[in-house]
Amino acid sequence: GIQVEQSPPDLILQEGANSTLRCNFSDSVNNLQWFHQNPWGQLINLFYIPSGTKQNGRLSATTVATERYSLLYISSSQTTDSGVYFCAVERRGGADGLTFGKGTHLIIQP
Amino acid sequence: DSGVTQTPKHLITATGQRVTLRCSPRSGDLSVYWYQQSLDQGLQFLIQYYNGEERAKGNILERFSAQQFPDLHSELNLSSLELGDSALYFCASSVRTSGVQNEQFFGPGTRLTVL
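Residue numbers (this note's numbering), protein chains in the order written: chain A, 661 to 770; chain B, 72 to 186.
I should point out that these hints are in silico values taken from the structure, not numbers from a laboratory. Hints should not be assumed to be uniformly reliable.
As the list claims (entries may be wrong) - Only pairs whose alpha carbons sit at most 20 Å apart, straight line, appear in this in silico DMTMM-like list of lysine to aspartate or glutamate:
#, chain 1, residue 1, chain 2, residue 2
1, A, 714, B, 111
2, A, 714, A, 741
3, A, 762, A, 687
4, A, 762, A, 741
5, A, 762, A, 670
6, A, 762, B, 124
7, B, 128, A, 756
8, B, 128, B, 174
9, A, 714, A, 727
On a predicted model such as this, the values are computed, not experimentally measured, just so you know.
Using the sequences and the accompanying hints, generate a full structural model.
Here is the structure:
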C-alpha cells in the first residue's frame with residue numbers, strides 16, 4: 661500500500677514562532693488532507709489539498725503532487741496550536757480509505 | 072463540529088464481550104468509514120460503506136463487522152473483545168465513494184477500554 665511519512669515527529673516551539681511540517685507519500689493520490697488532533701482526541705479538518713496552495717488564517721498548506729510531498733505552515737504559533745498534526749492520503753485508483761502518517765507532535769510553550 | 076455524530080463517547084467493557092458503536096454521517100453524505108486509533112498501530116482504516124453497500128476493507132479483524140442502514144447511519148460491531156482492542160474508534164463520512172473532491176469529515180470518536 662501507499663506509504664506516508666511525516667517529519668519531524670516532535671516539535672517544541674515558543675509562542676509566536678513559525679513552523680513547517682512535511683508529509684511525503686509514495687504514490688499518486690486523489691486526495692490529501694491535513695488534520696489537527698487536539699488534546700481531547702478530536703480530529704479537526706485543516707485542509708483538503710491534493711494539489712496547489714491554500715491558506716486559512718495563520719495556517720497554509722502546499723502540495724506538490726508531481727514530487728509527492730505536502731507542507732503545512734503554521735505562523736505566529738499559539739498555545740492552542742498544540743497537538744498532533746496528521747497528513748492522510750487516498751491513493752489514486754484505490755478505494756481503501758485514507759492512509760495516515762504517524763503525525764507530528766507539536767508543543768507550543770507560552 | 073464536523074456534523075458527524077458518534078455514540079457512545081466512552082465505553083468500558085470486559086474481555087470476551089461484544090459492543091456496538093454507532094455513527095450518523097453528515098447530511099447528504101453517502102459514504103461512511105470506520106478507523107481505529109491505537110498507540111501501537113496509529114490511525115488505520117477499517118472499512119467503508121457507500122449507500123448501504125460495503126465498498127472497501129482495510130485492516131479489519133474477523134471479529135469486527137459493520138453495516139450501513141437505509142437511513143445511512145452505520146454501526147460497528149466488535150465481538151470477543153481482547154485487551155488489544157482498546158482504542159479510539161472514529162467514524163468519517165464523505166459524499167462519494169472515492170476519487171477527487173471526496174473530503175472526509177470525522178466524528179468525535181468512541182473511546183473503548185477493554186478490561
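Going down the list of hints, with the structure as the test:
Our distance criterion of 20 Å between C-alpha atoms is broken by residue 714/A and residue 111/B, whose separation comes to about 32 Å. Taken as a hint, the residue 714/A and residue 741/A pair is honoured in the structure, with Cα atoms around 18 Å apart against an allowance of 20 Å. Restraint check: the Cα-Cα separation between residue 762/A and residue 687/A comes to about 17 Å, which is no more than 20 Å; the hinted pair holds. For a cut-off of 20 Å, the pair hint linking residue 762/A to residue 741/A stands: about 18 Å separates their Cα positions.
Taken as a hint, the residue 762/A and residue 670/A pair is honoured in the structure, with Cα atoms around 11 Å apart against an allowance of 20 Å. Proximity of residue 762/A to residue 124/B is assessed by CA-CA distance (about 30 Å); at most 20 Å being required, the pair is judged violated. At most 20 Å may separate the alpha-carbon atoms for a hinted pair to count; residue 128/B and residue 756/A meet this at roughly 7 Å. Distance check on the hinted pair: residue 128/B and residue 174/B sit about 18 Å apart at the alpha-carbon level, within 20 Å; holds.
Taking the CA atoms of residue 714/A and residue 727/A, the gap is near 18 Å; set against the 20 Å cutoff, the hint holds.
Hint violations for this structure: numbers 1 and 6, all remaining hints satisfied.
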